[in-house]
Amino acid sequence: MMRAGPTSQTFISQRLRLHYLDWGQFDAEGREKPPLVLVHGGRDHARSWDWVAEQLREDWHVVAMDHRGHGDSDWVSDGNYQSNDMVYDLAQLVHQLGVGPVTIVSHSMGGNVSLRYAGTFPETVRKIVAIEGLGPSPSRQAEERAVPYPQRLNEWIGKKRAASGRTPRKYASIEDAFARMIEENSYLTQAQARHLTIHGVNRNEDGTFSWKFDPHLNVWPVEDIADEFLHQTWGAITAPTLLLYGADSWASNPEGDGRLDHFANARVVEFARAGHWLHHDQFDLFMKTIGEFL
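All residue numbers for the sequence shown refer to the working numbering, where the first residue is 1 and numbers rise by one.
Calculated directly from the structure, the hints in this document are not laboratory data.
A hint or two may mislead.
As the list claims (entries may be wrong) - Calculated pairs, BS3-like style, for lysine-lysine (alpha carbon to alpha carbon, straight line, at most 30 Å):
1. K212 - K159
2. K33 - K288
3. K170 - K160
4. K212 - K170
5. K127 - K33
Claimed, not checked - Between beta-carbon pairs, the in silico distance windows are:
6. G207 - N265: 48 to 54 Å
7. G291 - G165: 46 to 52 Å
8. A4 - R145: 46 to 52 Å
Just so you know, even glycine gets a beta-carbon here, dropped at the ideal spot from N, CA and C.
With the hints as constraints, model all of the structure from the sequences given.
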């Protein structure tokens, strides 16, 4: 007998209707399970956590959110996506769930958001896992900031203007979108890529398919908060923190670039033969690692 999948729920944050999946609050005996929130990365969606949620749902009340501009959540009207607004969204979700403290497992942009949340509301987070969630490395940031700010702002305005006139890319068939998914991450199995594609697209009125995420997410703000403030936020996290990195990823390992020093209670685990989506690339090892940590 197949178990029921997650229920689809919504909550309101800054006038946006945001979507999340709920895998069940109570066990078979009616006991309330401890809450665990899954937070996806950029241009991804909540259903990318399905495999993780399926294994955790027996012991946890698993909730997986769709960020603003992603999945089945609303897009922002002006196309500008700020990290602090996403921190507000996560805070609003936890607040409206009325549970806590929560455990968080997050990826990439979602890790960046979740770590900021954990430092801003340390009493509400029990433990946190962030997969490559610290953003660009210090060396990458130095390269970007070597370009004068007025020039970067000029380029950003040009990119935003171009994005405003761009419609979401259309794929003639689901197979074409599936091929693009495989091209983006060659580590994915056929089954993983198909699942991510099916849940990551909408069908247009003309029969074509387009990704659910807002095209404006391809253009990020020129500058984020100052490094000093970000480091203060990481340092304010009191929950045990696990930072996971793929050895074959573009992301820089914080144990080697100095960023780990800003955390009071964190450790890093690097996964061999894994890229940026290491929770897909090395799923069994990932589940074993977070299982022991949680």
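key: Hint check, failures only   = none
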